[in-house]
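Under our numbering, think of the first position of the sequence shown as 66, with each following residue one higher.
Because the hints were derived from the structure by calculation, they are not lab data. All values derive from a computational prediction rather than experimental measurement. The beta-carbon is built from N, C-alpha and C at its ideal position, and this holds for glycine as well. Any given hint might turn out to be false.
Here are the computed lysine-lysine pairs in the DSS-like style, where the Cα-Cα straight-line distance is at most 25 angstroms [stated by the list, open to error]:
id: 1; residue 1: Lys399; residue 2: Lys171
id: 2; residue 1: Lys127; residue 2: Lys162
id: 3; residue 1: Lys456; residue 2: Lys325
id: 4; residue 1: Lys399; residue 2: Lys325
id: 5; residue 1: Lys328; residue 2: Lys388
id: 6; residue 1: Lys388; residue 2: Lys399
id: 7; residue 1: Lys325; residue 2: Lys388
id: 8; residue 1: Lys399; residue 2: Lys328
Label-pair restraints from in silico Cβ distances [claimed, not checked]:
id: 9; residue 1: Thr201; residue 2: Asp321; range: 23 to 31 angstroms
id: 10; residue 1: Pro461; residue 2: Lys107; range: 42 to 50 angstroms
id: 11; residue 1: Thr158; residue 2: Asp221; range: 30 to 38 angstroms
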Amino acid sequence: MLARASELPRSDIDLHSDAVLRDPYPAYRALRDLGSAVRLAKTDAVFVGRFADVRSALNDWKSFSSADGIGLNPIINQAWDEALICQDPPIHTDRRKVITDVLSPKALRPQAETIDARARALAERLAECGEFDAVTDFAHDLPIGVVMELVGWPHDIRPRLLAMADGSWNAAGPDNPRMRAGLDQLQAMMALIAQIYDERRVLPGGFAEQLIGVAEAGHISRETAIGMLAGYIVAAFETTISAMAFGILLFARNPDEWDKLRKNPRLATSAANEIVRVESPIQNFARHAMRDTEMSDGSVIPQGSWAIVSYGSANHDERQFDKPDSFIIDRAEKQNLGFGHGPHGCAGQGLARMELTAVFSALAETIARFELVSEPEYALNNVTRSLRRLKVRAVPA
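All chains, full assembly: derive it from the sequences and hints.
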C-alpha cells in the first residue's frame with residue numbers, strides 16, 4: 066500500500082542554516098535514511114535526495130514542473146518566469162536550442178585551442194608564484210576570460226557582472242537574509258543586462274549578439290532574451306568557478322589522486338566529473354509537483370507540493386556509489402547528476418568540462434602537489450556550494 070501524504074516522514078533539519086550549508090552531507094544522509102521523500106518542517110517542502118528518485122524527477126517534467134519556478138519563494142519565481150530554467154517543454158525545448166546551437170561540441174571546437182593555451186599559461190603562472198588563492202587567482206581565470214568573450218559582454222562591465230552573479234543563487238532559497246540579499250544582487254544584474262540589451266552594447270559575433278538577433282526577428286521576446294542571458298551568466302560563472310576551486314581543494318586533500326592524474330593525464334575528464342560529483346556546484350533546485358507521484362520506496366509526493374530535488378544528496382547516495390564521500394578520479398560509477406539530467410541538464414556542461422579538463426591537464430604537467438596554507442572559507446548559499454577563499458601553495462614539478 067502506498068504511503069499517504071500525511072504519512073511521509075518529517076524532519077526538523079534546516080537545510081539553509083549556516084551549519085548545514087557549511088557541511089550538508091551528514092544532513093543529506095540523515096534525510097536519505099528517512100525515505101525517498103521527507104517533509105521538511107522548516108520550509109514545508111518535500112526533500113528528494115536518493116539518486117534514483119532525483120534522476121527520475123529530473124526526467125519527469127510532467128510530474129515535477131519547472132514552469133512555476135525553481136525557487137522556494139514566490140518573488141524569485143515571478144522574477145525568473147522568463148528564464149530558461151523556469152520553462153517546461155515544448156517552450157523550453159525551442160528556447161534551449163538557441164543556447165545549444167552555440168554550445169554544441171561542434172560550435173565549441175574552435176574554442177578548444179584558446180582554452181588549452183589559456184590553461185597552460187595559468188598553470189605556468191601558478192608554478193612560478195607558489196602561493197595563490199584558488200578562487201580569485203585560479204578559478205576566475207578561464208570562466209571570465211573564455212565565457213565573457215564567448216557571450217560577448219563589453220569589457221568594461223565584466224567585473225560588475227561577475228560581482229553581481231556572485232551569490233545571486235541565494236535569491237532562490239526560502240525567505241531568509243541570504244535570499245533577500247541575493248534578490249538585491251539579482252535585480253541589479255537584471256537591470257544592467259537590460260541596459261546593455263537595449264543599447265545593443267555587446268561584442269560582435271558572441272552569443273549575446275545572436276540572441277538579440279533572434280529576439281529582433283520575433284522568435285522570442287525582449288524579456289525572454291534578457292532572462293536567458295541572465296540565466297547563462299549566473300549558471301556559467303558561479304558554477305564553473307566553484308568546480309575549479311573545489312578541484313584544487315580536493316586534490317590538495319587527496320595527493321594520491323593527484324599523483325594518479327599526473328601519471329595518466331587522460332584521466333582529466335573523469336577527474337572533472339568526479340569534482341562535480343563530490344562538490345556539486347548546484348546543490349538543490351525546487352520543483353512543483355503537478356500530480357501525486359510515487360517514489361522508489363512506495364511513498365507518494367502529493368500534487369501541489371514543492372519538492373527540493375537535491376543533486377548534492379543524490380551524488381553522495383551510498384545506494385548508487387561505492388564510498389560516496391571519497392574523491393576517486395577513476396571510480397567505476399561514471400554517471401552522476403552534478404550537471405543535472407533530463408530536459409534541464411546543464412546546457413553549458415560541454416564548455417565546463419572542456420575548461421576543467423584543460424586546466425587540470427595543464428596543472429598536472431607543472432605542479433607536483435598542492436598544499437593548503439589555511440582552511441577553506443566557504444561562501445554560504447541557499448542553492449549552490451562554493452568557496453569564498455582558499456589559500457594554497459603549489460609545489461612545482
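Hints versus structure:
1. Lys399 - Lys171: holds (24 angstroms)
2. Lys127 - Lys162: Holds: lysine 127 and lysine 162 sit about 20 angstroms apart, inside 25 angstroms.
3. Lys456 - Lys325: holds (23 angstroms)
4. Lys399 - Lys325: holds (17 angstroms)
5. Lys328 - Lys388: Since the Cα atoms of lysine 328 and lysine 388 sit roughly 23 angstroms apart, the hinted pair holds (cutoff 25 angstroms).
6. Lys388 - Lys399: holds (14 angstroms)
7. Lys325 - Lys388: holds (18 angstroms)
8. Lys399 - Lys328: Roughly 20 angstroms between the alpha carbons, so the hint for lysine 399 and lysine 328 holds.
9. Thr201 - Asp321: 23 to 31 angstroms: holds (28 angstroms)
10. Pro461 - Lys107: 42 to 50 angstroms: Check passed, 48 angstroms falls within 42 to 50 angstroms.
11. Thr158 - Asp221: 30 to 38 angstroms: holds (36 angstroms)
Hint violations for this structure: none, all hints satisfied.
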